[in-house]
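**Student:** The chain contents come next:
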Amino acid sequence: MKSIALTSVALLCAVLIYSTMGFPAWGDSDSPASTHVSDYYIENAVNDTAVPNLVTAVLADYRGYDTLFETTVVLIAGLACFFLLRRFKPRQPQHRLYRHIDTGITLIIEQGGKEPTDSEEFVRIDSRWVPYDLVIQQASCLVIPFLQLFALYVIAHGHHSPGGGFQGGVIFGATIILMAIANDLRSAARRVSERLGALMASAGVLIYAGIGALCILLGGSFLDYSALSKLFAFTPVMARSHGILGVEIGVAVAVSAVMIWIYYNLASAGRHEEGL
Amino acid sequence: MAPPVNVFSEEKPGDNEKAPNHRGSQPRFGARVLTFLVCFATWIVLSGRFDLFHLALGVIASCIVSTISADILFPVHEFRQLPKMFARFILYLPWLLYKVFQANLNVLYLSFHPRMRERIDPQIITFQSKIKGNMALLIFANSITLTPGTVTVHVSVLGKYTVHAIDAKSAEALPGKMERKVEKIFE
Amino acid sequence: MTVISTILLISGLIFFTGGSVGILRFPDFYARLHPAGKLDTMGLFMTLSGMAVYVLSDFTVSALLTALKIMLIVVFIFITSPTATHAIADAGMRAGLWPWARTREEEK
Amino acid sequence: MMAQVFFYTGIFLCVLMLLPLYRAVFGPTVLDRIIGVNAIGSKTTALLVLIGLLYQQVEMFVDIALAYATLNFIAVLATSRYFQKRKGLYEEPTNE
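Chains as they are written, first to last, in our numbering: chain A, 15 to 290; chain R, 7 to 193; chain L, 338 to 445; chain V, 9 to 104.
Source of the hints: derived by calculation from the structure; they are not laboratory data.
Certain hints may be false.
[Stated by the list, open to error] As a list, the in silico SDA-like pairs of lysine to any residue whose alpha-carbon atoms are at most 25 Å apart:
| no. | chain 1 | residue 1 | chain 2 | residue 2 |
| --- | --- | --- | --- | --- |
| 1 | R | K166 | A | L148 |
| 2 | R | K166 | V | F91 |
| 3 | R | K136 | A | Y146 |
| 4 | R | K190 | L | I416 |
| 5 | R | K166 | L | W435 |
| 6 | R | K105 | L | V398 |
| 7 | R | K136 | A | H114 |
| 8 | R | K187 | L | V411 |
| 9 | R | K190 | A | L156 |
| 10 | R | K175 | R | I131 |
| 11 | R | K166 | A | I122 |
| 12 | R | K105 | A | F136 |
| 13 | R | K166 | A | V87 |
| 14 | R | K138 | A | H114 |
| 15 | R | K187 | R | A93 |
| 16 | R | K183 | R | P89 |
| 17 | R | K190 | R | R123 |
| 18 | R | K105 | L | S399 |
| 19 | R | K166 | A | Q151 |
| 20 | R | K187 | L | W435 |
| 21 | R | K136 | R | W101 |
| 22 | R | K175 | L | L345 |
| 23 | R | K136 | A | L111 |
| 24 | R | K166 | A | L111 |
| 25 | R | K136 | R | I74 |
| 26 | R | K166 | A | V23 |
The structure displayed is predicted, hence computed values, not measured ones.
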């Protein structure tokens, strides 16, 4: 099995290296990329899409297929982590840990012992003990909502400033990861459960592809956002601009969910019961 | 021998929403509104665009944040106290800044001093403070870290501080005046 | 305005220098936390407020918002930097590292 | 004139980064390395805003600086928490 995998990887590498010979030479000024494509983007991007940030226009509009499959690759990375690491059979734990909220005392309940109800007084924590740290927890509480707002700002302002779906999604995922670091994995999973993360990761790609498909339904070609102007009362240029925004949101949802998902699986070695 | 109980049986991943949450997880309406307002103000500073489209995006983003994490930002139950606390905290800041400045000059002097190792005498001290409330504990801990010669090593929930002090003089200064000042903010 | 901003920048740089030298010279990592935690925070505060003052020198609404954004970074740093320092100190304590002390060195 | 001030400040900051870099590379313990990386990160935050002023696009680079500060904070917290857990002195006995 291993030899088959190795051989296929080696063959693929050989094919890829062989195909690089067809590329234009490094820095070739006569290559197609530098003769007309770049100039076209630089001259016409603002008129075509009403997006002042060229990178966003190229990324989400002119090269929409590329970004669509990049997002899919991110989703596949999350799936790969899930299938490689996740252990579906829960271990029989020897004990459960509870923390008394007011005093910070940790209780160890051996198997069969009387368990406190998970309520006002006690909260269940990970079965491998994570040191409770008041300062880190409180400081992250102060910071997290503003970081989430900042992430949404980065997503929404991809048209004007650096940023967009990938960056904003990463920051948003990082806030949830910060929550998991500051408390424990259990309290982060209380907000964004694994199932929700998986759903969001798929939904992000679906939003992207769905916008593309909607363009076909409205008579354009796949990912040609100007077709959206028939559905809403936009001019074709503004339709392209808003289409880019929708696509960015899809990318952001997928990327943030995959970040969280990968973190859950990596930090707990697939058991989802003990965080970092 | 009793059969082993599967303690995870009630904790399937999808069940998390139904699991009883701990204290402060049910944000009140006031917390949501307050979070929304704070978020929208931050959005305006961040965005810097005042056309209708971007403001609408701001409203949507603030709504999202206030639904996701209102209980994180304002777990306090007494909302009447909040503006007063905030005002007192703003009044506390200049004094803190002055102390921070003093601390920095102190450390700056130490780090350029040629025989620095003779001037410092690191030690770890513990003391019990009278401060109650998580946010007050956080503010006091971070103030200790920022002010002369001391770094907070550990804080327990009940207010027992473990502090690394760089010399005996700064170790003696704790808890001192700062504790009273922080206590005053949250009374 | 430019003079104030230059002075703030240079004093910030002095704090940064002190922090970097202190990180090199102090005997153990608990003591190194002092310059790392305090002087870097102060240096950032000084340099960033210097830049904010410079941005404000031609006063428009967008310049004001940019300056506010810069101050937002300062507030963020003032919350997070002591917390990060504290996290490192706590990790060292739990790993069982004892602080360097003058008396112990004399015994050896 | 101010551009030159910013330029030389940036150069000086880059040179200053070498000192914590020594800590980050040769630090005797892991925690020393974390301190070094944290110090480099805080200088980078200032440097990013400086670059923004040099290119006359502050409002862009402020966003990047804020994101960088965030990631620096999260990285330091994550590493230090990792060592709290894996090398915990007070780790309670688990029967694994």
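**Student:** Would you mind marking each hint as holding or not holding in the structure?
**Tutor:** These are the hints, each one checked on the structure:
1. K166/R to L148/A: holds, 11 Å
2. K166/R to F91/V: holds, 23 Å
3. K136/R to Y146/A: Holds - the C-alpha atoms of Y146/A and K136/R are around 20 Å apart, at most 25 Å.
4. K190/R to I416/L: The given pair, whose Cα atoms are some 20 Å apart, holds under the 25 Å limit.
5. K166/R to W435/L: Between K166/R and W435/L the Cα gap is close to 20 Å, so the pair holds against 25 Å.
6. K105/R to V398/L: violated, 33 Å
7. K136/R to H114/A: holds, 20 Å
8. K187/R to V411/L: holds, 23 Å
9. K190/R to L156/A: holds, 21 Å
10. K175/R to I131/R: holds, 12 Å
11. K166/R to I122/A: Holds. K166/R to I122/A sits at ~23 Å (cutoff 25 Å).
12. K105/R to F136/A: Given pair K105/R, F136/A is violated - Cα atoms ~39 Å apart, limit 25 Å.
13. K166/R to V87/A: violated, 49 Å
14. K138/R to H114/A: holds, 16 Å
15. K187/R to A93/R: holds, 13 Å
16. K183/R to P89/R: holds, 24 Å
17. K190/R to R123/R: violated, 38 Å
18. K105/R to S399/L: Violated, at roughly 33 Å.
19. K166/R to Q151/A: This hinted pair holds, its Cα atoms lying about 16 Å apart.
20. K187/R to W435/L: violated, 32 Å
21. K136/R to W101/R: This hinted pair holds, its Cα atoms lying about 21 Å apart.
22. K175/R to L345/L: violated, 30 Å
23. K136/R to L111/A: Violated. K136/R to L111/A sits at ~29 Å, over the 25 Å cutoff.
24. K166/R to L111/A: Holds, at about 23 Å.
25. K136/R to I74/R: violated, 34 Å
26. K166/R to V23/A: Given pair K166/R, V23/A is violated - Cα atoms ~58 Å apart, limit 25 Å.
In the structure shown, a violation is registered for the earlier hints numbered 6, 12, 13, 17, 18, 20, 22, 23, 25 and 26, in ascending order.
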